[in-house]
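**Q** Residue strings, one per chain:
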Amino acid sequence: MTLKENVLRRWARLKEGPAWLTSSLQARFWLRGCDQVGANTRTFWRPNIENQGRIVIGARVRLNSNWAPIELVSGPHGVIDIGDGVYINYGSMISAHLRVQIGSNVMVGNYCIVADTETPGIGDPPGGPSIEPRPVEIGDGAWLAARVTVLPGSRIGAGAVIAAGSVVAGDIPPGHLAGGIPARILRAG
Amino acid sequence: MTIRTRWNAARTRRWLRTCAPVGEEPLLVGKPTIYVYGGQVRIGNHLRLASRPVASHLVAGPRAVLHIGNNVSIGYGAAIAAHQHVHIGDGTRIGPFVIIMDTNFHGASGDQSIQHSCRPVTIGAGCRIGSRVTITRGVTIGDGAEILAGSVVSSTIPPGVCAAGGRARIIGRAGDMASRWDSAAAVLPDVLMASLDLESPPDLDSSPIPAHLLTYVRMQGVLRAIEDRFGLALDPAFAHEIETFADIAAAVQHALRERQDTGGL
Chain A
1 MTLKENVLRR WARLKEGPAW LTSSLQARFW LRGCDQVGAN TRTFWRPNIE
51 NQGRIVIGAR VRLNSNWAPI ELVSGPHGVI DIGDGVYINY GSMISAHLRV
101 QIGSNVMVGN YCIVADTETP GIGDPPGGPS IEPRPVEIGD GAWLAARVTV
151 LPGSRIGAGA VIAAGSVVAG DIPPGHLAGG IPARILRAG
Chain B
1 MTIRTRWNAA RTRRWLRTCA PVGEEPLLVG KPTIYVYGGQ VRIGNHLRLA
51 SRPVASHLVA GPRAVLHIGN NVSIGYGAAI AAHQHVHIGD GTRIGPFVII
101 MDTNFHGASG DQSIQHSCRP VTIGAGCRIG SRVTITRGVT IGDGAEILAG
151 SVVSSTIPPG VCAAGGRARI IGRAGDMASR WDSAAAVLPD VLMASLDLES
201 PPDLDSSPIP AHLLTYVRMQ GVLRAIEDRF GLALDPAFAH EIETFADIAA
251 AVQHALRERQ DTGGL
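If you read the protein sequences in the order shown, they are chains A and B. Under the working numbering, residues 1 to 189 are what the first sequence spells out, in order. Under the working numbering, residues 1 to 265 are what the second sequence spells out, in order.
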């Protein structure tokens, strides 16, 4: 990193103001319900964590709960695994009753739903038919734009881009741009 | 009973104080917004209603009834508004960000102008409604139907089917994972049933189609339905060649395979 880049980066941090100074400390408090939190992970305002299973958050993760909180919910046997350098924008829900894996450097837009059951967060009502959760996997460096819904059993390849408002059902190959309901490949590579 | 559960029960009672009657053991996650002005919100037993990270809201206008059955679970960010009648059957599961309204738009509190444009919405028992589904006025959804995520429902959905799309269409049978979105073989019987007004989905075997169905006009209707559903334009002259349902299935499979060879949609 050149001196100029370094100075610019530090200036950008300073411009963020007190939020940057306090966000790392706040993250330690607000993410205390998680099983494992990496270094330099930061939160902006308070996310809701409901951990009955296991939630693992990597290093340098940023969680923005500024306008609507982020919700991380793991059921009794659920595992949420968030890699390094992930950015999750406000209002997103990540719910695991089996397994949700998010790779490193993934960006998740606002109001996204990533869940391995069809009623994220709240479980099934008593007496109703129960639906098997199916694991969700998002590869390294993928980018989910705003209001993307990732249905149970989906797999998004590394570096894939999902257009805003899409519903992902099934597999998206690595490095492709996909969009629509259901998400289809719009552009390769 | 711990202090926490008593506190939660008291808070739930307070949040649902404008609803009557309220069944046993409602479970609220976060605080919902409930507007009742002159109507009723009736809630069955074991309601589950999420309001985190985005608050759900229930509205009942003047003389309106919003009926929620037993064992219903509703995801966060839901907007359910009754200005006449909205019925949600027992055991129905509703995903996050769902909009269910029996009018075309919300009025402000006390606005009377929308009442003439209401048509009641009925959702059957044991339905599964995915995330971000919009259910417009006058819609009836049959028991056990499944609406996939992101759909807009504006017409009647029969019981036990799976529907999806920007204007929701039947794409298969509920609960059948293979029929989701793409699998043509599982969907075709339902398309045929809808376009030929049959009682039940036909078998795709080589027994001949009954003579009263095998008219040119009806077969053109079938081809139109196939074009509508799968985006396949079959040759109109093919309508003369159809003798069995297996012929139709073979033609659809052949056309789908050709489309895949040319790079898909």
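Everything labelled a hint here was simulated from the structure, so no lab data went into it. Backbone N, C-alpha and C define an ideal beta-carbon position, used for all residues, glycine too. Fair warning: there could be bad hints in the mix.
What the simulated footprint calls covered on chain B by chain A, stretch by stretch (three residues with Cβ under 8 Å from a Cβ of chain A suffice, anywhere in the stretch; the number is not a length) [what the hints assert, rightly or not]:
(1) 65-77
(2) 89-101
(3) 191-205
**Q** Counting residues of the region 191-205 of chain B whose CB is closer than 8 Å to a CB in chain A, do you get three or more?
**A** violated (count 0)
**Q** Can you confirm whether chain A covers the region 65-77 of chain B, using C-beta to C-beta distances below 8 Å and requiring at least three such residues?
**A** The restraint on the region 65-77 of chain B holds, since 6 of its residues have a Cβ under 8 Å from chain A and three suffice.
**Q** Three residues or more, CB to CB closer than 8 Å: is that satisfied between the region 89-101 of chain B and chain A?
**A** Held - the region 89-101 of chain B has 6 residues with a Cβ nearer than 8 Å to chain A, which meets the minimum of three.
Consistency with the previously given hints fails for number 3 only.
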